[in-house]
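Enquirer: The chain contents come next:
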Amino acid sequence: MQYDVLIGEHTRKVVVQRAGAAWTVAVDGTVFDVDAARVDGATLSLLVGQRGVAGPSRSVPAVVVSGKMPGALAVHVNGRQLPVTISESGRARRRGAAAAGAGPQRLTAPMPGKVVRVLVAPGDDVEAGQGLVVVEAMKMENELRAAKAGRVVSVSVIEGQSVDAGAVLAVVE
Amino acid sequence: MQYDVLIGEHTRKVVVQRAGAAWTVAVDGTVFDVDAARVDGATLSLLVGQRGVAGPSRSVPAVVVSGKMPGALAVHVNGRQLPVTISESGRARRRGAAAAGAGPQRLTAPMPGKVVRVLVAPGDDVEAGQGLVVVEAMKMENELRAAKAGRVVSVSVIEGQSVDAGAVLAVVE
Amino acid sequence: MPVTKVLIANRGEIAVRVIRACRDLGIATVAVYSECDRAALHVRMADEAWPVGPNPPRESYLRIDTLIDVAQKSGADAVHPGYGFLAENEDFARACRDAGLTFIGPSAEAIELMGSKTAARQAAIAAGVPVVPGTETPLDASVTDAEVLRMAEGIGYPLMLKAVAGGGGKGMRMVSSPADLPGALRAARSEAGSAFGDSAVYLERRIMHPRHIEVQLLGDHHGTVVAFVERECSIQRRHQKVIEESPSLAVPVDLRRRITSAAASVARQVGYTNAGTIEYLLDEDGSFYFLEMNTRLQVEHPVTEMVSGVDLVHWQIRIARGERLTLDPEAVIVPRGHAIECRIYAEDPDNNFLPSPGRILKLRVPHGPGVRDDSGATEGLEVPIFYDPMISKLIAWGDDRTQALARMRRALREYEVHGIKTTLPFFRWALDDPDFLAGRFDTTFIDQKLASRAGAPFDTGPANDETLAAIAAALHQVLGGQTAERGPTAPVAPPSRWRQQARAEASR
Amino acid sequence: MPVTKVLIANRGEIAVRVIRACRDLGIATVAVYSECDRAALHVRMADEAWPVGPNPPRESYLRIDTLIDVAQKSGADAVHPGYGFLAENEDFARACRDAGLTFIGPSAEAIELMGSKTAARQAAIAAGVPVVPGTETPLDASVTDAEVLRMAEGIGYPLMLKAVAGGGGKGMRMVSSPADLPGALRAARSEAGSAFGDSAVYLERRIMHPRHIEVQLLGDHHGTVVAFVERECSIQRRHQKVIEESPSLAVPVDLRRRITSAAASVARQVGYTNAGTIEYLLDEDGSFYFLEMNTRLQVEHPVTEMVSGVDLVHWQIRIARGERLTLDPEAVIVPRGHAIECRIYAEDPDNNFLPSPGRILKLRVPHGPGVRDDSGATEGLEVPIFYDPMISKLIAWGDDRTQALARMRRALREYEVHGIKTTLPFFRWALDDPDFLAGRFDTTFIDQKLASRAGAPFDTGPANDETLAAIAAALHQVLGGQTAERGPTAPVAPPSRWRQQARAEASR
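Here the protein sequences line up with chains W, D, Z and H, keeping their order.
In terms of my numbering, the first sequence opens at residue 1 and continues consecutively.
In terms of my numbering, the second sequence opens at residue 1 and continues consecutively.
In terms of my numbering, the third sequence opens at residue 1 and continues consecutively.
In terms of my numbering, the fourth sequence opens at residue 1 and continues consecutively.
Incorrect hints may have been included.
[What the hints assert, rightly or not] Calculated pairs, DSSO-like style, for lysine-lysine (alpha carbon to alpha carbon, straight line, at most 27 Å):
| no. | chain 1 | residue 1 | chain 2 | residue 2 |
| --- | --- | --- | --- | --- |
| 1 | D | K114 | H | K73 |
| 2 | Z | K5 | W | K114 |
| 3 | W | K114 | W | K148 |
| 4 | H | K5 | H | K73 |
| 5 | H | K362 | H | K170 |
| 6 | H | K241 | D | K114 |
| 7 | H | K73 | Z | K362 |
| 8 | D | K148 | D | K114 |
| 9 | W | K68 | H | K170 |
| 10 | D | K68 | D | K13 |
| 11 | W | K68 | Z | K449 |
| 12 | H | K362 | D | K68 |
| 13 | Z | K170 | Z | K362 |
| 14 | W | K148 | W | K68 |
| 15 | Z | K73 | W | K114 |
| 16 | H | K449 | D | K148 |
| 17 | D | K68 | Z | K362 |
| 18 | H | K5 | H | K241 |
| 19 | W | K68 | W | K114 |
| 20 | D | K13 | D | K114 |
| 21 | D | K114 | D | K68 |
| 22 | Z | K241 | Z | K449 |
| 23 | W | K148 | Z | K73 |
| 24 | H | K73 | H | K170 |
| 25 | Z | K73 | Z | K5 |
| 26 | W | K13 | W | K68 |
| 27 | Z | K170 | Z | K73 |
The hints are simulated quantities; they were obtained by calculation from the structure and are not laboratory data.
From just these sequences and the hints, can you work out the full model?
Expert: So, in structure tokens, the structure goes:
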């Protein structure tokens, strides 16, 4: 099996082949010997060895939780949560682009709450990381920021307004 | 919905009816108000009140695990494990009889192991609880006993023999 | 006063904590729940559970009338308020008393008195305990800027503006020069007004590099007050404690004697009963100032339990029953080893600590020697958006601080929460910080560190991790893992989709 | 001797326990596994994991050659044997030493010496410690019945026949009169022969109502030996400890001094290093007799850790490194509070404690103040049939025995294991037994109680429970629960079907 695996910005070519009871997994050409065992539907116990370096002995417990979108996984290794988009080779690039949030940036509310401050107006130029809207939820004020620089094309909420999870608050282009 | 629920020897008629967001559950005619919430596929949080006695406030966490046979459940309440056989009304009696182990009693091995002693021979009369065969597993000798009095009609193993889980060791009639 | 059946007017881990204490003492428990908490752990663990209203606290956990009504319907003879919600509300304490219910906490009068920061300051002064120089009377809207400026001169700059009814950093402003005072005053008053319904503020000298040190105490109804070895609570983010430990590296034995006996005298001064805590600012020169008194059981009480061997909730109940304190005051100021606590929140440290509500799909809690987990979370549970997002308090004990830290690091590594983001990566980072390990910190420590990191991700590691993740993802597909761990209750689509997107964007 | 990477020659909870200790000390860990343990917790928690063979212990965990080979391949510089398997095998200790690996335990010589019960008795006598009157030399097949009868006269009846290489009650017989001796001798020898490959036995006076009291000790390589406050291990089923606690109600302070210093002198007598335990029989009249020495870390070590605050596995490693014991011998014989342990087995107490292997479908582990769970089990795991069926050690600590018992009762109530039977119901019963609570027991306690119960079910409660179960079952159907919690690995059909049938029959 061959997969395109998108993590962050970088898509990796992953080729998986049976090798007796274990597996040979090539990631962008680097070959690993992997012994894999399931603990439950989401939990894997991997023993990983790099070809020619050592036997498959490094213990890597992994938990793989599926997201909403097809191919979207949250993979937990070494205590880290890595969002992964996986697809059989050939069909990754487009989904990858989408996941990477190209095009206009729609700032949405992470959870239901109340808009306590709107910090920008349409037409403003904003820096990456600049605060756009402050939403109060869970007894705390949360400043929602621009993920990238651009110009505010629209602001769809006013101060004091209640918003649902996922509601678009502003759009930056 | 109406169910026949077999626990131990006694089959109960259980009638479940919606009552707004909660339920009315009659068990052999005794009516309970029950508020039920799911925690996961096996875990329920029940709030139980007896009609006319109190509101549905007694907290009863229950875990229901399905067995191999249709309708066979293991129900955990108050730290107890109760084997339950449930069916929609009318079809319970026969399965109930089966579960209650009527007819000849086939003594089977609970787990793979080695027969270290055979304590009876065909033709012997045995009491309920009398040891029939000793199987060694998990580094311990386990005496398998007759569940009810009767006569040994056959012994299908010899000392020293290895047996698989579920293997018939002896039959008592 | 009989305590045979306790209504717990709270939720989450502290409700679970109180249920466990009641179990230990053979006392029946009554839980209460808002709509979204119907299947919460405290509801499942209690003997009884009663609904108290919709999700917003004001309509459920803060409804005194409903709570009293449920207490009486359920036949409870006592009420434990936990912390937060109504724990420091004198009206609730009074309502319980009027309804013939034993309130497991201090008297309504003590709550009221110490609830006013200025009154509390006066009590401390009367007890001969130093306070931070400042104004002794509330400055409500009627006090003009000019008058406030005059008072400020007497105290000196920099100084702090604080809400009289305040807490949690709300209505708090630092003022470094007279010019800034009027604006800061306006801001602090309006913030205080909206947060506490009381816009009155007061002035206090600003201690530049203070540690936050506090002393737990217990008082019975027979005049006995016992003070415990101090807690070090300087590790705060935005004025919220995130890591607490006991004892403090900054408190030598002689200072410990002084701050504990000072705490006890404040408590005696106001005839305090049950559990309470005196908070101090500790200056670099070793001088300490009374800050305020918390008239409740505190979130961080377990670190004191671990080093004293005393179950504080057991004693809250026994004191409420009228029992005499039999603890040896000399013994409980001598720490047995060292304890540390991390407050694990459903927040995304890599996203400006944004709340991360949602469904816990998988949960693996650490165990083993020296590790304690006080939590209200279970697999399958939804972390609601309406309440404090703390899901667990992880506590580690060691024979000394080094061992306690090592065990905490081990436990943080074992801890797994899937489905939502938590502050676990933040703590893994903090427990490797050389200044923290060396005990070189004050209350500004975390905010400064965070500023200097400029948003660098906590959830980080060798690039190799991404390779391993790629391998895991591919084999998960090959081995046919479950396509979703979702249970029968509502999925967490919006937050998770949002997080996914945010992460992807952040990684640009 | 450097200890930077430890191979753990064991499995289950003790392998996990050792991994945690190594983590605390920043030491890398290498796990080993048999086929059925491939996905076990210790494999997942270790830094590395290597296969050592098929499921039968003889072909995997007992394969000295394979283990040494893996240790060298993996670059480990030390080996921890845990308990059981090769922990008390002098050949393994020697093989490690010869391979240049630090064996985290006593010397091969000490293991060998104390492994022989008669040699151990002689060591105790040489150290001036009382032993149970008996024969000082092994009685192999060459010794005639007549000779044995003569020796028996000198000791007096009733007496015990015990296997020289024995343990766990195998090859053990009680003899109440000369007439019974020859038969018992034959039986004991054959049992010993098949169990230990050595049919030699010895005679010992039978103490009628003994308690089993033991003293944990540590010895470093610089001649320092420290003995800890005793453990009470009289609660045994078929000579297997099931509940242990510390301290013992039967040991006043002066007796504690005597048994701890006696233990230390036996250890010094044989130049003992690392962790070991001296077992005593305590007679009703307060006189104590050396029974044997266990030259390993013991299952029940956590109760000592809880009352002493000492991490015994940390010290095993530090001693192996050549560090000096810095513990205060006066301090560690004074218990801090009280600790109790329940060994939770995958056995069905309502079915003659028959092993109950299978898949753990759901697991809920207790938490909160004073509770520790040392376990190798996780959800989704299969409990294999090839090894000891213990799945967890639940330990509770309290300021006194009453509080420790209360917390244990609470924890037992919180503990949920679904998919297999466990001894939890047995412990819930035991912790309500008035004689146990009052401390009125000896080593025959459990077996007598069980006999007197004549198989009455432990997993019992009000008939009302069945009504609640019926309600739960019906609503589970109505609310559409999962039809099976089975995961991708093999189902547990046969055992569970078998249990189901047995239960139904039992209820006739």
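Enquirer: Each hint should be assessed against the structure and marked as holding or not.
Expert: Hints, one by one, checked against the model:
no. : hint               : verdict
1   : D:K114 with H:K73  : violated, 36 Å
2   : Z:K5 with W:K114   : violated, 39 Å
3   : W:K114 with W:K148 : holds, 24 Å
4   : H:K5 with H:K73    : holds, 12 Å
5   : H:K362 with H:K170 : violated, 35 Å
6   : H:K241 with D:K114 : holds, 25 Å
7   : H:K73 with Z:K362  : violated, 35 Å
8   : D:K148 with D:K114 : holds, 24 Å
9   : W:K68 with H:K170  : violated, 58 Å
10  : D:K68 with D:K13   : holds, 23 Å
11  : W:K68 with Z:K449  : violated, 35 Å
12  : H:K362 with D:K68  : holds, 17 Å
13  : Z:K170 with Z:K362 : violated, 35 Å
14  : W:K148 with W:K68  : holds, 24 Å
15  : Z:K73 with W:K114  : violated, 36 Å
16  : H:K449 with D:K148 : holds, 24 Å
17  : D:K68 with Z:K362  : holds, 26 Å
18  : H:K5 with H:K241   : violated, 32 Å
19  : W:K68 with W:K114  : holds, 26 Å
20  : D:K13 with D:K114  : violated, 44 Å
21  : D:K114 with D:K68  : holds, 26 Å
22  : Z:K241 with Z:K449 : holds, 15 Å
23  : W:K148 with Z:K73  : violated, 57 Å
24  : H:K73 with H:K170  : violated, 37 Å
25  : Z:K73 with Z:K5    : holds, 12 Å
26  : W:K13 with W:K68   : holds, 23 Å
27  : Z:K170 with Z:K73  : violated, 37 Å
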